[in-house]
Amino acid sequence: MNSPLKKWLGAVIALLYIIPLQALPAQDDDALLRNFLWGNFIRLPKEDRPKIGLALSAGGVRGFAHVGVLEVLSNAGVPVDMVSGTSMGAVVGSLYASGLPTSKLWEISEHITLDKITPDFNVMGLLRFVFAKKLPTSANLTKFLHDQIGDMTFEQMPIPFSCAAMDIKTGEKILFDSGPLGIAVRASMNLPGVFEPVSYRHRALVDGAVVDYLPVDSVKKMGADYIIASITPIDFSSSTPKSIASYLLRVGDVRAIAMIEDASKRANFVLTNRVVDAGTLELDKLHKAGEVGVKQANSHLAELQEDILLFALPYVLKP
Amino acid sequence: MYLNRKLMIILAACLALGACSSFKGAFGLGFIGDKKDYARARDLYSHGHYEQAIEELSAYIHKTYNVKRREARAYRLLGMSYEQTGQLSKALDTYLEALEFHPKNVPLLLAAADLYQRTGLTDRSIELYELALQEEPDNLSALAGQAENYRAMGFYSKARDFYDRFFTLNPQASAQYRARYAGTFLNQHNYESAFINITIALEQDDSSPDFWLISARANFGLGRTEEALKDIDIALSFSPVRRDLLGTKALMLYHNKQYDLSLQTAQQILDLYPENQLGLFIKALNLKALGNGKQAAQILQQITALNPHSFIGKTADNWQTYHPL
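Residue numbers (my numbering), protein chains in the order written: chain B, 1 to 319; chain A, 1 to 325.
Mixed in with the good hints there might be a few duds.
No farther apart than 30 Å at their CA atoms in a straight line, the calculated lysine-lysine pairs in the BS3-like style are these [claimed, not checked]:
| no. | chain 1 | residue 1 | chain 2 | residue 2 |
| --- | --- | --- | --- | --- |
| 1 | A | 314 | B | 220 |
| 2 | A | 63 | A | 36 |
| 3 | A | 314 | B | 318 |
| 4 | B | 116 | B | 104 |
| 5 | A | 314 | B | 265 |
| 6 | B | 318 | A | 90 |
| 7 | B | 220 | B | 46 |
| 8 | B | 116 | B | 242 |
| 9 | B | 104 | B | 285 |
| 10 | B | 116 | B | 169 |
| 11 | B | 221 | B | 169 |
| 12 | A | 104 | B | 285 |
| 13 | B | 173 | B | 51 |
| 14 | A | 90 | A | 63 |
| 15 | B | 318 | A | 230 |
| 16 | B | 242 | B | 169 |
| 17 | B | 46 | B | 265 |
| 18 | A | 90 | A | 35 |
| 19 | B | 51 | A | 36 |
| 20 | B | 46 | B | 318 |
| 21 | B | 46 | B | 116 |
| 22 | A | 35 | B | 46 |
| 23 | B | 169 | B | 143 |
| 24 | B | 288 | A | 104 |
| 25 | B | 242 | B | 288 |
| 26 | B | 143 | B | 285 |
| 27 | A | 314 | B | 46 |
| 28 | B | 265 | B | 51 |
| 29 | B | 51 | A | 257 |
| 30 | B | 318 | A | 257 |
| 31 | A | 104 | A | 90 |
Output of the computed footprint for chain A on chain B, the stretches with three or more beta carbons under 8 Å from beta carbons of chain A [unchecked claim]:
| no. | stretch |
| --- | --- |
| 32 | 67 to 76 |
| 33 | 94 to 100 |
| 34 | 177 to 188 |
| 35 | 288 to 299 |
Quick look at which bits of chain A chain B covers, simulated, 3 or more residues with Cβ under 8 Å [claimed, not checked]:
| no. | stretch |
| --- | --- |
| 36 | 151 to 157 |
| 37 | 178 to 192 |
| 38 | 246 to 258 |
In short, the hints are calculated from the structure, not lab data.
Backbone N, C-alpha and C define an ideal beta-carbon position, used for all residues, glycine too.
Just need the whole structure built from these sequences, with the hints factored in.
Okay, structure coming up:
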């Protein structure tokens, strides 16, 4: 532990009030009313309250912070009526919307490895890349998703879900909300320049992050009245690209910031998860990224609940 | 010649001895604090003479030149003495300095982790408890501390994993731990498990208004409002002027459509805490329910005027906008 850090910590500690470890922290007046009204709100039938939609951004491993966000929202009883996700947001969102509990998502974070996404990160894959100029395929992701949720279609999902990909031939955004789920999710997180495009419905599909990094508009289109956006912007200062692939991904991340800023304006509430020091494909950092999501969402939970309640007050205080 | 050789040997031996003695501190062969000094410092600490204990321990620690040979227990006692005098940053510095030389010392790891936890630096506390659990996987303090960290973070499922291990190893743990465990269930809206655990805590200690409040909230969540109100009354018998208890009671009565009683409780809050926004809001809710919309509207205006930026102030303002009374 270096000395400036110790000094800083010392100063923080000297200023901080010692937090007593009570069974539950005493609630202030606002919290008492908020919890009471919140209880009334979550007991309202779905048709008697505004529909809440969740937009989960792309972000590679950083995107696993969405699992932490879902954990907090689920604990608080925030009703999630529809989900749209891009790239890692599509993976997390699809698993959640298909009915997997967050405990299962945490389990996945402990076991997922690159070979569950691609069969080509090995010597044969390298030879194929060097001599045949063919990128690795993300084919294993479809099997991985199948192992988790079977042959599910969008229509069978308990929570309506959509995800975006891009047709590399036309530059179009392709929004999937019907048909087989596995291949659509695979296409949504099919990193351009890292994996070969996914051939599906006569298109060559790559990661939707290129055109719809934060799918606020997609979730709005699904009928959401109130939109919570969970974003995982990159901290540019935390790392410098060192390979061709990471340079390409960094270009995407720079463009992503502009897309996040634009789309966030149309969300009602934005949860910003700052996951530092986690590369796009550093899968061993998934769990830590998830914990960042827990912390962020929990520290803004009261604010989010109040915002939803004020938005839904005509329904909550309906005579 | 013979004498000269003998003299040379004696001189060489003297020189070697001198060199050794001047380096022995550096090699850790000498200048180690006297154990009696430590014992004296420990007595000073146990008799509450913390400032003197700090002096004794600082001197004792620094007598040992070789930092790696400085005793972990002395550092820990020094840190604890600093904590007792409220010098938390010095206490933390002490623990962290000691951990440089004794990175696997569990009592030191626990002391630093606990201090980080109490000052809200949860991430750091988690790291240190993790290290302690690597050394001693069944360490109860580390398990309870880690559970508390994850609870504070809002990661209730992980907190419960640590509590589960803690209670398996220590089924007779104090009621406070059981109540915190119940709190994690309450935060997850798992009222049944919250109720079971808080009932166990109340069997051990039924004199805590906090425990009765948890029981009330669990019962309320289970739809047993009458039982919840009984629990709140018991809590109030211990702390009759606690506003959160009175507020909870008034809101539960309102929920149970006992408007007159809720109004009385809201008035009780206002008698104790005049112009309290929550008391006023509950009063307005009940007046509206009892058909006195005009007076309710006046109160809502009063709430907004008192503080338009609080959640209660904003709710009162919005209420008037959406449902004019």
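(message) For each hint given before, does the structure comply? Return the numbers of the non-compliant ones in rising order.
(response) Numbers 6, 19, 21, 22, 33 and 34, in rising order.
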